[in-house]
Amino acid sequence: MLKLEGLHTFYGNIEALKGLDLTVEEGEIIALLGANGAGKTTTLNCISGLIPPRRGRVFFDGEDITGHSPESLVARGLIEVPEGRRIFPALTVMENLKMGAYLRRDQPEISRDLDYVFNLFPILRARAGQSGGTLSGGEQQMLAISRALMGRPRMLLLDEPSLGLAPLIIRNIFDIIRQINMERGTTVLLVEQNANLALKVADRAYILTTGLITLSGSAEVLMADEGIRKAYLGG
Amino acid sequence: MELFLDLLISGLTKGSIYALIALGYTMVYGIVGLINFAHGEIYMIGAFIALIASLALSQAGLAGWGLLVSVAAAAVVYSAMYGWTVEKIAYKPLRGSSRLSPLISAIGMSIFLQNYVQLLQSPNFLTFPSLVPELGFLAPVSHIVNSTQLFIWLATALIMTALTVLIKFTRLGLSMRAVSQDPDMARLSGVNIDRVISSTFVIGSALAAVGGLLIGCYMRQIDFYIGFLAGMKAFTAAVLGGIGSIPGAVLGALVLGFAESFAAGFISSDYEDAVAFVLLIVILIARPGGLMGAAQTQKV
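Note that the protein sequences, when read in sequence, are chains A and B. The first sequence begins at 1111 in my numbering and counts up one residue at a time. The second sequence begins at 90 in my numbering and counts up one residue at a time.
Note that these hints are calculated values from the structure, not bench results. Note that CB positions come from ideal geometry on N, CA and C, so glycine has one too. Accuracy of the hints is not assured; some may be wrong.
[Said to hold, decoys possible] Selected chain B positions facing chain A (Cβ under 7 Å, derived; list incomplete):
{"#": "1", "residue": "270"}
{"#": "2", "residue": "271"}
{"#": "3", "residue": "272"}
{"#": "4", "residue": "274"}
{"#": "5", "residue": "277"}
{"#": "6", "residue": "279"}
{"#": "7", "residue": "281"}
{"#": "8", "residue": "284"}
{"#": "9", "residue": "287"}
[Stated by the list, open to error] Which chain A residues stay away from chain B? Per the calculated CB distances, all over 10 Å, these:
{"#": "10", "residue": "1121"}
{"#": "11", "residue": "1145"}
{"#": "12", "residue": "1176"}
{"#": "13", "residue": "1179"}
{"#": "14", "residue": "1285"}
Given only the sequences and the hints, what does the whole structure look like? Please build it.
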């Protein structure tokens, strides 16, 4: 469904990605793991169109989408939940959700999706009239995921959904990522620093080290491998 | 008492016109973080188009309210086109460069438009027709309020209401607010930023054009230079209220209109213009965020 071929990006003279290859099949949950500064967020931004790669290609559904604008990719169902959640702070929760459905015109279906996300995260229904900036970190993450779901994604790009959240809330959010994947068949590319957590929900994983994929394989194999656990997963 | 009432009325009238211009500054700043110094020139161009249209259309036989509405429509449409073009030529190519570049480009655009109108139209003051028909029911109080003033207040109030509805309740308004809060996230939600920016310039220019038409009706003369001072004052009003805030721009404009009017009446009309800028300095020292602006949380 998604294929990255030899991606190179630069920030000034610093090469952030050095020829990255990655594939995601339809219906999979893929974890992209790595230390701080390895290039995980850059990879997602390359896919979503925020930072077009200097070299290399991005394919979605077999079509070359390299250099396409983020708004055109949203229309194709490729939707990113960026790092730090990026809730519109002065819009209400409801308006944030409406922004997620910005490109859609099918009002009855939008209402159904609204019910769906309110059932996933009932707290958002209670907060619907409140401005986004007043939510707690966990609620903001729930809203960020819900906002993306309002765009009917075929593929979700999730950037560090666990960042700064309490363990209990993290578990809830990861359960729901799984649930979305099963119920709606949404493909997920998940960027995480918390490797143990990510490997529990993922089918396969890639490990990124300073701009290159150094390792990939099924989540179980990676979890079981003693050497890998020591090197990448903090024991 | 009579003097006080007079000053109140002229303050409200001027404040209304400042508000129409100040909204354009504050909306553009809210969306792209740019002070569009050519905005005063759009107001001036609006006044000139209104003058040209009124001459042409009254030749064609229009009169009364029909004439006023057609003139307003012409001024709004043409000025919106100017505003749209200014953005495409002077600002869009500079997006993503340092903050100073579009500012210099704005000043250049302002000087260009002044000279353009001076060369194409006239370097002199031109008489502007009184386009607002006399309202019969105002006759008993016409020494206090005339129909032009009443029309300016009502038109401004109506436009403010329409703008508020647009920003609060429409899809375009929602996308404008989203872009002003987080442009990248707005793109990741599917918003075409270029279109939102263009719409902002078009709306701001349309409001300024109405201001230009109204100032013509009120002062009864215009020249190519009226945009400079009015633009500066409206900019002051926007900063006074808190740049980026729409209710702030209206509040700042009214405060400025009253302050000028009372200074002219009670101190001396020589100080009328100075008051605006003294007020600006005081506000910037005492409350840098403006009257309704957020506390300064911007990271540098």
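*Would you list, in rising numerical order, the hints stated earlier that this structure does not obey?*
3, 8, 9, 13
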